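Undergrad: Letter by letter, the chains look like this.
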Amino acid sequence: MKNPKPYLNPYLAGIGLGLVLLAAFVIMGRGLGASGAFTSVVAAGVNTVAPAHAQSNEHYKEYLNTPSGNPLKDWLVYEIAGVLVGGFFSGWISRRIKRTVEKSSSYPVSSRMFFAFFGGILLGFGSKLARGCTSGQALTGGALMSVGSWVFMIAVFASAYAFAYFFRRQWQ
Amino acid sequence: MNAPFFQFGLFDVDTALIIAFFIGIGFGFFLEQAGFGSGMKLAGQFYFRDLTVFKVMFTAIITAMLGLFWLSWFGFLDLSLVKVLPTYFVPQLVGGLIFGLGFVMGGYCPGTCCVAAVTGKMDGWIHLLGMFAGIFFFGEIYPFIADWYNSTSMGETTLASLFNLPYGVMVFMIVAVALLGFYGAEKLEQNFSK
Chain R
1 MKNPKPYLNP YLAGIGLGLV LLAAFVIMGR GLGASGAFTS VVAAGVNTVA
51 PAHAQSNEHY KEYLNTPSGN PLKDWLVYEI AGVLVGGFFS GWISRRIKRT
101 VEKSSSYPVS SRMFFAFFGG ILLGFGSKLA RGCTSGQALT GGALMSVGSW
151 VFMIAVFASA YAFAYFFRRQ WQ
Chain V
173 MNAPFFQFGL FDVDTALIIA FFIGIGFGFF LEQAGFGSGM KLAGQFYFRD
223 LTVFKVMFTA IITAMLGLFW LSWFGFLDLS LVKVLPTYFV PQLVGGLIFG
273 LGFVMGGYCP GTCCVAAVTG KMDGWIHLLG MFAGIFFFGE IYPFIADWYN
323 STSMGETTLA SLFNLPYGVM VFMIVAVALL GFYGAEKLEQ NFSK
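If you read the protein sequences in the order shown, they are chains R and V. Quick note on the working numbering: the first sequence kicks off at 1 and runs consecutively. Quick note on the working numbering: the second sequence kicks off at 173 and runs consecutively.
Derived from the structure by calculation, the hints contain no laboratory data. Treat the hints with caution; some may be incorrect.
[Claimed, not checked] Pairs of lysine to any residue, SDA-like flavour, derived with a Cα cap of 20 Å: (1) K213/V - F157/R; (2) K98/R - K359/V; (3) K5/R - G292/V; (4) K213/V - I97/R; (5) K213/V - V109/R; (6) K98/R - G292/V; (7) K61/R - W320/V; (8) K255/V - K2/R; (9) K213/V - F163/R; (10) K5/R - F241/V; (11) K61/R - Y314/V; (12) K98/R - M212/V; (13) K73/R - D319/V; (14) K213/V - Y165/R; (15) K213/V - G29/R; (16) K61/R - F183/V; (17) K213/V - K73/R; (18) K98/R - P4/R; (19) K213/V - K61/R; (20) K213/V - S111/R; (21) K73/R - F183/V; (22) K213/V - S106/R; (23) K2/R - K61/R; (24) K73/R - A188/V; (25) K61/R - D319/V; (26) K73/R - W320/V; (27) K98/R - Y7/R; (28) K73/R - M294/V; (29) K213/V - R169/R; (30) K61/R - M212/V; (31) K213/V - E62/R; (32) K359/V - G29/R.
[What the hints assert, rightly or not] Partner residues aside, some chain R positions facing chain V, computed with beta carbon under 10 Å: (33) L21; (34) I121; (35) L122; (36) F166; (37) W171.
This one's a predicted model, so the numbers in the text were calculated from it and none came from an experiment. We put the CB at the ideal spot given by N, CA and C, even for glycine.
Same shape as in the complex, but just chain R:
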């Protein structure tokens, strides 16, 4: 078993990511995203379990009305499917696929899992309020100089730094 390869130089990875984003702008006239794809999945799920309830909700309706009528036949859902494949491929060729839990070595797994779940809830909710996440707002909107995207980005960093102290045992 060989050791995992080192990560790519951050500036090179950034240029690569920037060119992928630029390709999306040039080919599609739109940027990247992530939280939108998850909203499509949630909307599709609610629509399957309780169609009347989903149809009466303006927010779900927005995600249910795709050109094909199938909420999962959506641009961002296909893009995220690609992210899963691309991420796995990259991890595989760099020998980084490993079943593990990311945390500092002394931190208990149960606490880490609790915070992973609860952090995920806040992240999902926050990205909905902001109309996008680090992909759709910070990267895409950032490159297009959208005011709201820059406000979002600055708020994310400010808040994460402000609360970092409370989670230091998890990460240090």
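Dock chain V against chain R, hints included.
TA: Just chain V now, kept in the frame of chain R:
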């Protein structure tokens, strides 16, 4: 003018979905190569241990920004056809604050937790579940917060129009700030790794 290709009708919606899949592969590939499948690496940003998040994000932003600027300068791309996200100031500010807390607590953001999950991080899978729960919660309370969610609307405002600067000047200023930021980030990392 030839681009954006989709807006000029070069291919149909079904083809666009296949393109989305391939763009996603590129996106996921570079996220993983940058180390963003690791919560420890991502969180390192908030303890000044490892500023990779800042470096990668801002390099990506200025790369795409400069690309857009030059392609439209040479008349290849019609910038007015690239959709600028409309601004809703207060909801986006509050959303960002909640998101930032979730980021340092959970360790990932929506895109990076996909990469974490597929490379075997169990906390990435749990994080993904939490995110679905958070989005579901938002969907369920949406009718009660819809008015606030649509408040403080500023339309498709860009930093250039906000500060009343030419587009190119604003691009130049952001690139200059980013380069200064990279210099500062390298210095900070050196100091904190001592």
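Undergrad: Name the hints, by number, that the structure is in violation of.
TA: The structure breaks hints 2, 8, 10, 13, 15, 16, 17, 19, 23, 26, 28, 30, 31, 32; every other hint is satisfied.
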